[in-house]
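Protein sequence lines correspond, in order, to chains A and B. Quick note: the first sequence uses the numbering used here, first residue 7, plus one each step. Quick note: the second sequence uses the numbering used here, first residue 40, plus one each step.
Calculated directly from the structure, the hints in this document are not laboratory data. Don't take each hint at face value.
[Stated by the list, open to error] Restraint-style ranges between C-beta atoms, simulated for each label pair:
(1) G363/B / A66/A: 34 to 40 Å
(2) G363/B / P56/A: 25 to 31 Å
(3) D21/A / G148/B: 40 to 46 Å
(4) G43/A / P443/B: 49 to 55 Å
[As the list claims (entries may be wrong)] Partner residues aside, some chain A positions facing chain B, computed with beta carbon under 7 Å:
(5) L16
(6) R25
(7) T108
(8) N109
[What the hints assert, rightly or not] Heads up, simulated SDA-like pairs for lysine to any residue below, C-alpha to C-alpha not over 25 Å straight-line:
(9) K362/B / R409/B
(10) K286/B / R409/B
(11) K362/B / T97/A
(12) K362/B / V104/A
(13) K362/B / V120/A
Where is the CB? At the ideal position from N, CA and C, for every residue including glycine.
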Amino acid sequence: MIANGPPIRLLPRLDDGNRFFWTAGAEGALRFLRCDGCGQYVHPPVPRCPYCLEATLAPAEVSGRGTVHSFTVNHQPWFPEADDYIVGLVTIAEQDDVRLTTNLVDCDAGEVTVGMEVEVTFEHSDDVWLPLFRPATGTL
Amino acid sequence: MRSGEPLERRAAITGIGQSAIGRRLGRSELDLTLEAGLAAIDDAGLTRDDIDGLSTYPGGGFGPAGFGGPGTPEVQDALRLRLGWHDGGMEGAGQSRAVFSACLAVAAGLARHVLVYRTVTEGSAQGTGGRQSLAGMVGGGRGGMPRFGGFMQWSLPFGAVSAANWLAMVAQRRVHEFGLTRVQLAQIALNGRRNAMHNPKAVYRDPLTLEEYLGVRMISSPLCLFDCDAPCDGSTAVVVSHRDYAKDAPNAACHVHAIGTALRGRPSWDQFDDMTTMAARDAASSMWERSDLTPADVDVAELYDGFSILAMVWLEELGFCAKGESGPFVEGGTTIALQGTLPLNTSGGQLSAGRLHGFGLLHEACVQLRGQGGERQVPGAPEVAVVANGGGPIAGSLLLTRGPS
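Next comes chain A alone, as it looks inside the complex (with noise of 0.2 Å):
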């Protein structure tokens, strides 16, 4: 049985640096700060940019969709009665150096591969919109 996620989510403390990006899933949504100037996704979020220091950052859509850059299927019981679930790290299909750890969620752990496309799916839990992702369904 491969769980979505673990059963319980520990969740991040937001503030004014991460919440756009921990929200925007109620809209649908997967957002990163972009550099107005250069262009740039950059994540985590930081107050400048680090690519040309300049204070020009924005929340800014992405499509959602990625590429598996690796993943682990977790047996270990961290949690109580915890099936196992895969943590995966995608790769953002706009930008190749934008990675996010991640489930990856409504596959069997013998489907994933390295490589696989993906798009996100979202858990909401309290306050917060986890970005999930799963295998990739048709074409833009």
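Start from chain A and add chain B according to the hints.
Just chain B now, kept in the frame of chain A:
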């Protein structure tokens, strides 16, 4: 002395000491630290009155229970040391940071003899539940669930709660890029166990077979139980002295030849540019940049194996084989055996000798250079040892030589 000599070359390890080591000793971290520290001071032919520097990684208050060990103020006070220099903390080039800073303090004349220690009581702290327990985090209570900031916010919500998970993804990426197999990876654990059988202090000394390795439960694929080191209780200490003292030391001094401290990629478990190497790449290359020695000069390698995959990464990044070739390099286990061309983790590594968090490997490198390995002594009187600590975005490496270089 040639111009531009790396400053760390003015330092030498003149004393080594280790407390009792066990899965659960039921002794305090300060008790263990004093046992190891006094042994190291005595081994160096010194008394506590000679010790004018003190450093540790990381010290009191850092990390989960049993991780940090006592801080330098506690140890200083317990030994009533009169210090010219003291240092502790977690940020830096891996667990070795405490050694590196001691070398630089000695070179700078801030201290002449620095006691450097690393103490863990993770075996006792984790109790019989091993590493399973997140009870402290998720225990609830009136305040409800705790929330997390920093790196943890990007990892914990998805159940990636341990370095086992983060490094499993390093391993899986290497399966994809290089065709790494579990039979290859097993050699790190099997080699460690073979060597641990000759180490009376090792926490696991029963024979381990490939069949047992392949049959044991998975922790986080492709890493199984035997790919993960064994939490334990114990303290390791060394005395880092100015090399001027080396000739007077009763045991052969292990001279510091070069240290590797670089971190050129992003300091992140999941954003580092090359997930197959992470910071080992930078630490290793910066170490060789400070030396005329080459990987072919190394007689014994003590490479961090908090998880087996890390030793594989270090083998490549230190240049013992080409990138991606560590699997074939260790295949069959003969190359890395005590009698092989690159004896690896000769006391059992952390997988079998216990998670002394890098300092067990440092201690063993000195044992080997001194020729005090007993049944596990590498033949041929090794002259150059490499010690690598850390993994993921945390890494440091160290070249030691028998005699001045």
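Against the structure, the hints come out as follows:
1. G363/B / A66/A: 34 to 40 Å: Holds - the Cβ-Cβ distance for G363/B and A66/A, about 36 Å, lies within 34 to 40 Å.
2. G363/B / P56/A: 25 to 31 Å: For P56/A against G363/B, whose Cβ atoms are near 30 Å apart, the range 25 to 31 Å holds.
3. D21/A / G148/B: 40 to 46 Å: holds (45 Å)
4. G43/A / P443/B: 49 to 55 Å: For P443/B against G43/A, whose Cβ atoms are near 53 Å apart, the range 49 to 55 Å holds.
5. L16: holds (4 Å)
6. R25: violated (12 Å)
7. T108: Holds. Min distance 5 Å.
8. N109: holds (5 Å)
9. K362/B / R409/B: violated (31 Å)
10. K286/B / R409/B: It holds: about 14 Å lies between the C-alpha atoms, which stays within 25 Å.
11. K362/B / T97/A: Within the cut-off at roughly 23 Å; holds.
12. K362/B / V104/A: Given pair K362/B, V104/A holds - Cα atoms ~24 Å apart, limit 25 Å.
13. K362/B / V120/A: holds (19 Å)
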